[in-house]
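Can you build the whole structure from these sequences, using the hints too?
Here is what each chain is made of, one letter per residue.
Number of protein chains: 2
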Amino acid sequence: MKHIEGGICAVRGIRANGIKQGKNGLAIMVADARQPVTSGVFTRNKVIAAPLIITREALSKGELKAIIANSGCANAFTGKKGIEDAKWMARLLAEKLKCSPEEIGVASTGVIGRYLDKAWLSGHFDEVYDSISGSKEASSASARAIMTTDTTIKEVAVELDNGVRIAGISKGSGMIEPNMGTMLAFLFTDAALSRKALDACLKKAVDKSFNMIVVDGDTSTNDMALLTATGYNECDEKTFQEGLDHVCISLAKMIAKDGEGATRLIEVRVSGAGTEADAKAAAKAIVRSPLVKTAIYGKDPNWGRVIAAAGYSGADVDQDRISLKFSGNNKEAILVDSGTIVEGKLEELKSIMESKEILIEVELGIGENRATAWGCDLTYDYVKINAMYTT
Amino acid sequence: MKHIEGGICAVRGIRANGIKQGKNGLAIMVADARQPVTSGVFTRNKVIAAPLIITREALSKGELKAIIANSGCANAFTGKKGIEDAKWMARLLAEKLKCSPEEIGVASTGVIGRYLDKAWLSGHFDEVYDSISGSKEASSASARAIMTTDTTIKEVAVELDNGVRIAGISKGSGMIEPNMGTMLAFLFTDAALSRKALDACLKKAVDKSFNMIVVDGDTSTNDMALLTATGYNECDEKTFQEGLDHVCISLAKMIAKDGEGATRLIEVRVSGAGTEADAKAAAKAIVRSPLVKTAIYGKDPNWGRVIAAAGYSGADVDQDRISLKFSGNNKEAILVDSGTIVEGKLEELKSIMESKEILIEVELGIGENRATAWGCDLTYDYVKINAMYTT
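Protein chains in written order, with our numbering: chain B, 24 to 414; chain P, 24 to 414.
Hints listed in this document are in silico derivations from the structure and should not be mistaken for laboratory results. Keep in mind that a hint or two might mislead.
Pairs involving identical chains hold if they fit within one copy or between any two copies, as the list cannot separate such chains.
As the list claims (entries may be wrong) - List time: in silico DSBU-like cross-link candidates among lysine-lysine, alpha-carbon distance up to 35 Å:
#: 1; residue 1: 407; residue 2: 231
#: 2; residue 1: 25; residue 2: 226
#: 3; residue 1: 368; residue 2: 69
#: 4; residue 1: 121; residue 2: 322
#: 5; residue 1: 373; residue 2: 407
#: 6; residue 1: 46; residue 2: 373
#: 7; residue 1: 69; residue 2: 227
#: 8; residue 1: 348; residue 2: 84
#: 9; residue 1: 104; residue 2: 226
#: 10; residue 1: 226; residue 2: 159
#: 11; residue 1: 276; residue 2: 322
#: 12; residue 1: 322; residue 2: 103
#: 13; residue 1: 261; residue 2: 119
#: 14; residue 1: 368; residue 2: 141
#: 15; residue 1: 103; residue 2: 373
#: 16; residue 1: 121; residue 2: 368
#: 17; residue 1: 379; residue 2: 25
#: 18; residue 1: 354; residue 2: 407
#: 19; residue 1: 322; residue 2: 46
See the structure below:
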């Protein structure tokens with residue numbers, strides 16, 4: 024597997040474009056497939072946004088030919104009018120492509136409880152549609168168009184050893200604790216796979232990538248990942264899964280690293296858990312803990328907060344068996360060895376905390392299960408960004 | 024029921040004292056009871072601190088005559104040495120009172136993963152013990168001694184219509200999401216009640232007070248509430264429960280209001296839930312949400328975040344039935360009426376958000392159950408306090 028240029032447009036059959044203007048953005052992604060197959064996963068928030076409702080319904084009836092996405096307004100908690108507005112977005116693109124609106128996926132991200140700015144969207148639609156292309160700039164433009172508080176575009180493309188390509192763009196910076204669904208992620212491949220295979224691969228990849236990141240612990244109303252296969256290349260499922268996992272984990276880490284106001288990427292690896300669910304629960308509790316996150320921001324060697332978070336995570340934890348290690352800046356510090364505090368390590372820990380990427384390893388000493396989660400520190404800027412989001 | 028002066032020393036038989044010096048503090052509370060009965064609830068964090076382990080064991084064998092508590096070091100995750108240190112604290116006081124160390128309750132709060140500063144504690148023990156008294160200053164001194172990042176002492180005393188008195192002191196400002204247990208709270212009454220009655224009353228009161236507050240969502244290793252009855256006055260259980268609920272809710276609100284860095288108290292009332300568990304889950308998810316908390320800090324009328332939090336809380340939620348109201352500064356704004364957005368209310372909402380106490384009412388429109396939770400805003404100062412806690 025190797026990383027390649029071109030973003031989602033590196034995948035055969037994919038053309039895209041986007042525009043971002045102030046808080047508003049519009050992205051269009053079209054799959055000229057041999058035989059399009061699309062799989063989707065959606066937020067488990069019970070307040071689910073209008074575009075997700077119609078896209079989920081479209082996927083239950085057939086396949087998607089294209090995706091239209093806007094930023095600035097989530098079109099969430101907008102009732103029947105929201106559903107009509109989302110269908111209107113689908114129709115805008117369906118008319119151009121001469122297909123049914125039910126072959127269009129719709130996604131939105133932004134403020135909840137506000138109606139869509141249809142004037143802005145219709146005013147810019149032709150400009151975006153008319154310049155759709157397969158260039159790498161077009162992929163970046165679509166990735167930029169879906170940004171909200173994101174500070175960087177998030178795109179990844181890989182080519183597997185068998186020539187199959189898998190690529191994706193994603194957005195997400197705040198309101199990040201995907202729950203079975205994920206943030207906005209649009210994934211594409213030229214592999215030829217059935218819907219059933221695609222569904223299975225996407226679910227597995229999402230469970231170990233987007234579902235293992237936390238910025239603030241708020242699960243969005245608009246989380247959605249769509250994976251479209253254009254079907255030009257044969258690919259066995261195992262090879263495809265490896266590639267898809269890599270793409271999804273890369274995008275998930277980009278989201279965690281670009282968490283609102285973040286200065287550091289935190290990776291937490293929990294091993295020795297009694298069950299896989301326990302490993303995941305402990306890893307996510309640690310990256311979710313505001314106290315762990317603020318300590319890392321302040322380079323405060325207050326490692327006891329990691330232990331406390333594992334303790335309340337719901338995972339089976341025996342304090343006499345825990346081991347704890349921090350790594351970063353090519354240094355490591357073992358703070359706890361099988362339940363015993365290793366003293367005299369606080370200065371070393373402070374220096375590790377200078378690193379932009381910090382690895383926390385927790386060995387529970389109970390079983391054989393492991394999980395990895397990613398998050399970021401909690402900073403003044405997170406507060407600032409979210410204290411003034413709509414104003 | 025009326026509020027009275029004197030803190031915990033207003034309860035017949037209770038004498039106390041405390042000292043606070045930098046980060047270290049020591050408090051002693053003695054119950055000269057007709058027949059002492061003590062009930063306790065403890066954190067459900069699986070990493071449970073040493074003093075809680077020995078106090079829980081003491082309560083399983085008999086009653087407590089007195090409590091010794093320190094601040095500055097949590098004596099949590101300290102293994103066998105931690106247990107020995109906690110027993111040493113109990114012995115210090117037992118020797119003076121000429122009782123068994125198993126008749127002494129021990130509590131600690133502060134940094135996790137550090138050993139107790141025995142030199143400081145033994146150096147100040149006599150000074151504190153020798154000045155124990157039943158004065159109101161003594162109650163305040165003990166409340167002050169257990170503070171960490173708290174900015175105010177937290178004490179309440181009430182006299183019921185039948186003359187029975189109930190009082191308590193508490194501490195807590197960060198690492199606040201008590202789970203079945205609570206923060207440090209020491210409660211006293213002169214009522215004569217059995218252990219069984221006291222246990223039942225304490226559990227009920229804690230479930231609707233300390234277990235309904237969130238500062239940051241981190242559940243401490245050291246949460247504990249002890250309720251000691253000195254037995255001088257007869258009291259029926261129903262009357263006692265009302266008084267105890269009032270004392271516990273008052274202390275819980277003080278903790279929420281004094282959350283680390285907080286500028287505002289947030290009260291969330293959820294009604295119309297399908298089950299009581301749903302009402303509690305929705306109310307706690309809303310006060311826990313970093314996005315709701317930062318919006319309130321910034322007076323950003325981003326009410327959609329409240330709906331999103333209810334949606335991911337796990338409670339049964341139907342977005343077409345939700346109603347939402349904010350109140351504060353003697354104004355109110357209905358933002359959502361049975362699933363429909365009420366437009367033109369954002370300026371009113373901004374002005375409500377100037378209030379120091381903000382009430383958020385969510386009606387789910389599904390059943391008849393209700394719950395109230397309390398929290399605070401998330402501010403720059405929360406980040407500051409926790410980025411430099413041990414350094």
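With 35 Å as the alpha-carbon cut-off, assign the pair residue 121 and residue 322 to within, between, both or neither.
Neither way: residue 121 and residue 322 sit 57 Å apart in one copy and 46 Å across, limit 35 Å.
Within, between, both or neither: residue 354, residue 407 at alpha-carbon 35 Å:
Close inside one copy (32 Å) and across copies (26 Å); limit 35 Å.
How would you label the pair residue 368, residue 141 (within, between, both, or neither) given a Cα cut-off of 35 Å?
Between. Shortest inter-copy distance 21 Å satisfies the 35 Å Cα cut-off; intra-copy 58 Å does not.
At most 35 Å between CA atoms: does that hold for residue 322 and residue 46 within a copy, between copies, both, or neither?
both (34 Å within a copy, 20 Å between copies)
Tell me, please, which holds for residue 25 and residue 226 at an alpha-carbon limit of 35 Å: within, between, both or neither?
So residue 25 and residue 226 pass the 35 Å test inside one copy only (23 Å; across, 59 Å).
Copy assignment of residue 69 with residue 227, given that the CA separation must stay at most 35 Å:
So residue 69 and residue 227 pass the 35 Å test inside a copy (22 Å) and across (30 Å) alike.
Quick one: residue 348 to residue 84, C-alpha cut-off 35 Å, is that within a copy, between copies, both, or neither?
Neither, since 50 Å and 39 Å both go past 35 Å.
Within, between, both or neither, where residue 368 and residue 69 count as close if Cα-Cα is 35 Å or less:
For residue 368 and residue 69, only the inter-copy Cα distance (25 Å) is at most 35 Å; the intra-copy one is 45 Å.
Is it within, between, both or neither when you check residue 121 against residue 368 at 35 Å Cα-Cα?
neither (66 Å within a copy, 41 Å between copies)
Given identical chains, is residue 276 near residue 322, meaning Cα to Cα at most 35 Å, within a copy, between copies, both, or neither?
Both, since 21 Å and 31 Å are each at most 35 Å.
Intra- versus inter-copy proximity for residue 373 and residue 103 (alpha-carbon distance at most 35 Å):
Classified as between: cross-chain Cα gap 27 Å, same-chain 53 Å, threshold 35 Å.
At most 35 Å between CA atoms: does that hold for residue 226 and residue 159 within a copy, between copies, both, or neither?
within (28 Å within a copy, 62 Å between copies)
Taken one by one, the earlier hints fail for this structure at numbers 4, 8, 13, 16, listed in ascending order.
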